[in-house]
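Note that the sequence shown covers residues 673 to 1019 in the working numbering.
Watch out, some of these pointers could steer you wrong.
As the list claims (entries may be wrong) - Label pairs and their computed distance ranges (CB to CB):
| id | residue 1 | residue 2 | range |
| --- | --- | --- | --- |
| 1 | Q1002 | R936 | 26 to 32 angstroms |
| 2 | E965 | A928 | 44 to 50 angstroms |
| 3 | P926 | A1011 | 17 to 23 angstroms |
| 4 | L1017 | V900 | 18 to 24 angstroms |
Stated by the list, open to error - Keeping only pairs whose Cα atoms sit at most 35 angstroms apart, straight-line, the calculated DSBU-like set for lysine-lysine is:
| id | residue 1 | residue 2 |
| --- | --- | --- |
| 5 | K717 | K957 |
| 6 | K812 | K827 |
| 7 | K811 | K863 |
| 8 | K780 | K811 |
| 9 | K780 | K717 |
| 10 | K1007 | K985 |
| 11 | K717 | K735 |
| 12 | K985 | K957 |
| 13 | K1001 | K985 |
| 14 | K915 | K717 |
| 15 | K827 | K863 |
| 16 | K957 | K735 |
| 17 | K915 | K1001 |
| 18 | K863 | K915 |
| 19 | K812 | K780 |
| 20 | K812 | K863 |
| 21 | K957 | K863 |
| 22 | K1001 | K963 |
| 23 | K827 | K735 |
The set of hints was computed from the structure by calculation and includes no laboratory data. Beta carbons: idealized from backbone N, C-alpha and C, even for Gly.
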Amino acid sequence: MKAKKGLLALVLGTGLLVLFLAMAGAFTEKVASESTPNRVASDVKTLTLEAVEQPQTRTFSGKLVARQNATLAARMTATVAEVLVDVGDRVDQGDVLLRLDNADLSAKVRQVQQALASAQSQLNTARSDYRRMETLLAKKLVPQSQFDEAENRLKTAQSDYRRALAAVDEAETQFGFSLVRAPFSGVITEKIINQGDTATPGAAMLSLYNPASIEAAVNMAESVLPFVAIGQSLTVELPTYNKTLTGMVRTMTPAADTSSRSYRVVVTLPNSDPNDSLLPGMFAKVTLSQKAEPVLYLPSNAHYQIGQLNYVKVLDAGEVSTRLVSLTKQGRVRKGLKAGEIVILNP
């Protein structure tokens, strides 16, 4: 019985001793070294972030426009006698595109031309008489009154001739209004009137544009204007044809659009479209390169996601910390890291 009590006392004493030593911290150093999560293992791979100089670009959406385009309207009231073109036709400057009924005008032109010929004949006769009388008067073979009469007939003939000439000009001008001509070489884009319709002054009949004058027009934000100049080269992308061209800034609107606070910039394109495939209204994107800035990039194995958020493990003086970062889809660091910091790979 005494032996059992002695054994129990020994066990209790040993337990109390162990408890006392644990409370005193005898095992603290060993436990800490085995469980500290902020110490980095020796075989961990890391990456030191380095900034790279990268040109900053901004892309603006717009459309193609034709610098040279026109809508042709009638300058007189008349019946459309003939339309000589259709949509898509290519025409040369001066070509007759449409003819209005001009039978009356044609007759008028013939009439005034005949009157002009008669006035010319009378002028020739009056001029001949005047010269003859001038010679006779010098020899004192005719009185002054006869010379004065010849002079008056000449003045009247000259006046009649000028009026006849003006009448011919007016009639031919009116006749010219009946022939609608191409103001420049281009392509017909719209036919609004047909044969037999009545044309009236100011009413649109045909539209055309010059394919060689195609440009890209975009609205740019006020903040980028310091980086844009007349004559500057810009990249123009045409998604319709998966084509990229280099254009040149031709104009910049000096006043902003009041609703968007943007400025219209027009970029000329190289004249290298023999098939006239670039059409007004097509979608275009213009890219502007700004001053290069230092940027940081993270490879995909240097960060991880929790939900929609990106995190990295940063190593500093042997200690590891978790940090939230903001990245673009391409891995460019928006905020959260700076050059020279060390991140752990495959965190």
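Straight-line Cα separation of K717 and K735 no greater than 35 angstroms? Distance ~50 angstroms between K717 and K735 Cα, so the pair is violated.
Okay, P926 versus A1011 on CB: inside 17 to 23 angstroms? 41 angstroms, violated
Hinted pair K780 and K717, Cα distance within 35 angstroms: 98 angstroms, violated
Does the alpha-carbon distance linking K1001 and K963 stay inside the 35 angstroms limit? 22 angstroms, holds
Are the Cα atoms of K915 and K1001 separated by 35 angstroms or less? Holds, because 24 angstroms separates the two Cα atoms, which is no more than 35 angstroms.
Check whether the Cα positions of K780 and K811 lie no farther apart than 35 angstroms. 47 angstroms, violated
Does K780 sit within 35 angstroms of K812, going by the straight-line distance between their CA atoms? Since the Cα atoms of K812 and K780 sit roughly 47 angstroms apart, the hinted pair is violated (cutoff 35 angstroms).
Given the hinted pair K1007 and K985, is their alpha-carbon gap at most 35 angstroms? 15 angstroms, holds
Checking one constraint from the list: CA of K1001 to CA of K985, max 35 angstroms. Satisfied? With Cα atoms ~19 angstroms apart, K1001 and K985 stay inside 35 angstroms; holds.
Given pair status - K735, K827, alpha carbons within 35 angstroms: Not OK: K827 and K735 at ~64 angstroms, beyond 35 angstroms, violated.
With the threshold set at 35 angstroms, check whether the alpha-carbon distance from K957 to K735 stays at or below it. 8 angstroms, holds
Given the hint that K827 pairs with K863, does the C-alpha gap stay at or below 35 angstroms? 52 angstroms, violated
Hint compliance for this structure: hints 2, 3, 4, 5, 7, 8, 9, 11, 12, 14, 15, 19, 20, 23 are broken, all remaining hints hold.
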